[in-house]
Amino acid sequence: MTAPTTRRAPAPAPAAAGARGAARLSVASRRQRLIGLAAVLPALVMVVGFMAFPVAYALYISFTKTNGLTFAWVGLANYTALLSDPVVHQVFGNNLKFLVSVPLVIFSALIVSVLLFERVRGWRLFRVVFFLPNVLSVAVIGLMFRNAFGYYGGVNQALGLLGVEPVQFFTDGTLAISVIVLALVWSGFGYQSLLLLAGLTSIDPAVFEAAALDGAGWWKRLWHITIPNIRRVLGFVFIINVLYTFTSLFGFVYVMTAGGPGFDTTTIDYLVYLRAFSSTNLGSGAALAVVLFLFIGVLTLVQNRVFRLQEED
Amino acid sequence: MAAEQVSTRLTRRGRWPIFIGLCVVAATIIYPLFFVTLTSLRPNADYLQDPFGLPAIWTLDNYTTLSRVYGVGDAFVRSLAVTGVTVSIVLLLAIFAGYGLARYPVPGRRVITSVFVSVMLIPGPVLIIPIYLMLSRMDLVATYPGLILVYVATGLPFSVFFLTLSFRGVPVEVIEAARIDGAGFFRTLGSIVVPMGLSGLATLAVLQFLGVWNELIFAIILIPDQADRLLTPTLANIGERFVTDQPLVSAGLAITASVPLLLLAVASRYIMQGLQVGVSR
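Protein chains in written order, with this note's numbering: chain Y, 1 to 313; chain Z, 1001 to 1281.
Extracted from the complex, chain Y is given alone in its bound form:
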């Protein structure tokens, strides 16, 4: 069906000669511009209205004391209150603890990607299996781990078989964080190993061949060629992991610990939720969200800068 139209295509194109042709062309192109704009507009309006505007609105809310109905301008009061709030300090510290997951995830992903790169039998199927946790909801993964590490869960049952007393994993802050970190690693390493695999595949095979000719063994090639050559992807994976720890732990915390015991496992995003729906001042939650946003923005900029510099040397 497309064949005849392509054949006819070149003919009318140069026909737009002379003043009348040019005028017709500009009318046509204005028409094209309008059609294009009309096509983009619905999506743009939705995104500006319900994503960009809310950020500005959050900024405004953060300067007020409000219950959602009446807004009283308080300037920077919400921000100064955050600075002296011990809960906020503790919660920020918790987020830093969760950063332990970053090297763990990257290390596991790196190992798995190098194994996959050897293209042993069935590597395509392995790829799908490793991706599996990524299609599951954080709520499902969180509950699976909460179940497994619960008092009657698989882990304690297994410990029981070994004659060990059941452990209350979720009444101790450090243990609870460890379980969440484990869930993070379990759910994250597969996808990231696929990202790293894509990086590995793009390395020029000539480099490997040269190294092999020089007598470099498998391990040597791994450390001196493979890893340095995927620095860029490693950097990208590092960034998404750090951002994830600061913005996306809500689901895990919500289903696994509800932030407890005390505030021991509360993360910044969970605290925003708590402040928003269980306190009389929404402004405080909004201020926290804005601080998080700025922090993430700065972090992204710094990391981009660092990894770009590395790339150039």
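Hints are not guaranteed to be accurate.
[As the list claims (entries may be wrong)] For each label pair, taking beta carbons as the anchor points, the in silico distance ranges come out as: (1) Y/Leu104 <-> Z/Val1069: 37 to 43 Å; (2) Z/Leu1092 <-> Y/Ala56: 24 to 30 Å; (3) Z/Ala1027 <-> Y/Glu209: 31 to 37 Å; (4) Z/Gly1169 <-> Y/Arg121: 31 to 37 Å; (5) Y/Arg31 <-> Z/Arg1068: 58 to 64 Å; (6) Z/Met1272 <-> Y/Gln168: 36 to 42 Å; (7) Y/Pro261 <-> Z/Ser1199: 46 to 52 Å; (8) Y/Ala56 <-> Z/Ser1088: 27 to 33 Å; (9) Y/Thr300 <-> Z/Asp1225: 34 to 40 Å; (10) Y/Ser84 <-> Z/Ser1114: 33 to 39 Å; (11) Z/Asp1074 <-> Y/Leu104: 38 to 44 Å; (12) Z/Asp1225 <-> Y/Val87: 26 to 32 Å; (13) Y/Glu209 <-> Z/Tyr1031: 37 to 43 Å.
[Stated by the list, open to error] Example chain Z residues on the side facing chain Y (calculated, C-beta under 8 Å, incomplete): (14) Gly1021; (15) Pro1051; (16) Thr1154.
None of these hints come from the bench; they were simulated from the model.
Predicted model only: the values in this text are computed from it and were never measured.
Backbone N, C-alpha and C fix where the C-beta goes; we use that ideal spot for every residue, glycine too.
Go by the hints and put chain Z onto chain Y.
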């Protein structure tokens, strides 16, 4: 290809440890899911007696209890409906916008593109308070249209970005030829761009479906009444209330995970294609 050349340098014997290593890693993913499925098919007493053995009694009681007593069946249907409507709207709007940005001289295209890209960086927690207040002012809190509105808005940036890239792959000559034959926006879209970009659209549909099906924060705060909630928050609530009844919670997990796992089984090709875009970004 190139990669195979490299890997052939490992001897046949050297590849066995790698295969076994991969099997071990795969087991750490498969076994927990297997354990959950098995646990969901037995009574609690049977589970406590021998959690790691095969069930002595096989039963579907956990599933029927969840459906009859805790409304999980209704929540499943609601989730399916909300997700289906959301994905349809997102696809429709993103197809228009993606085609416009890819093949029309949209005024201010660079600014518009950068709006779509930069809002992708907004962390979710920033949105929850303002969105809740906006929707409550519009009387859309505790309604499904309100929730769908938010899902559409948050799903669009990536979708538009993705489809713009994927529609740029449709040869411009074919579209031009159809235009010269008098085909307008909708004709070229329907008869050329969509059919040729079908695999990209399938990828996007699957990714968006997973995103909405698994979403938790907005599903909790925008539908406050427990009886009206979608599946994922319903599951979270059941998990909270029945810590001691592992088989019951496991059945809930199996129900919630079933649809994404089914999608992965059917559409793994499209999901894997979607990954490539994530990397090139």
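Each hint tested on the structure:
Separated by about 40 Å at the C-beta atoms, leucine 104 of chain Y and valine 1069 of chain Z satisfy the suggested range of 37 to 43 Å. Taken as a hint, the range 24 to 30 Å holds for the pair leucine 1092 of chain Z and alanine 56 of chain Y, whose Cβ atoms sit roughly 27 Å apart. The hint said 31 to 37 Å for the Cβ distance between alanine 1027 of chain Z and glutamate 209 of chain Y, and at roughly 34 Å that hint holds. Taking the beta carbon of each, glycine 1169 of chain Z and arginine 121 of chain Y are about 33 Å apart, inside 31 to 37 Å as hinted.
A C-beta distance of roughly 59 Å is found between arginine 31 of chain Y and arginine 1068 of chain Z, which places it inside the suggested range of 58 to 64 Å. One distance hint, 36 to 42 Å for the beta-carbon pair methionine 1272 of chain Z and glutamine 168 of chain Y, holds here, with the actual separation near 41 Å. One distance hint, 46 to 52 Å for the beta-carbon pair proline 261 of chain Y and serine 1199 of chain Z, holds here, with the actual separation near 49 Å. A hinted range of 27 to 33 Å holds for the C-beta pair alanine 56 of chain Y and serine 1088 of chain Z, which are about 29 Å apart.
Between threonine 300 of chain Y and aspartate 1225 of chain Z the beta carbon distance is about 38 Å. The supplied range of 34 to 40 Å therefore holds. For serine 84 of chain Y and serine 1114 of chain Z, the Cβ-Cβ distance of about 38 Å falls inside the hinted range of 33 to 39 Å, so the restraint holds. With their beta carbons about 40 Å apart, aspartate 1074 of chain Z and leucine 104 of chain Y fall inside the hinted range of 38 to 44 Å. Between aspartate 1225 of chain Z and valine 87 of chain Y the CB atoms are about 29 Å apart, so this pair conforms to the stated range of 26 to 32 Å.
Range check, glutamate 209 of chain Y to tyrosine 1031 of chain Z: about 39 Å between beta-carbon atoms, so the 37 to 43 Å window is met. Below 8 Å, beta-carbon pairs count as interface contacts, and glycine 1021 of chain Z has one with chain Y at about 5 Å; its hint therefore holds. Because the closest C-beta pair between proline 1051 of chain Z and chain Y is about 4 Å apart, less than 8 Å, the hint holds. Among the interface hints, the one on threonine 1154 of chain Z holds; its C-beta lies about 7 Å from the nearest C-beta in chain Y, closer than the 8 Å criterion.
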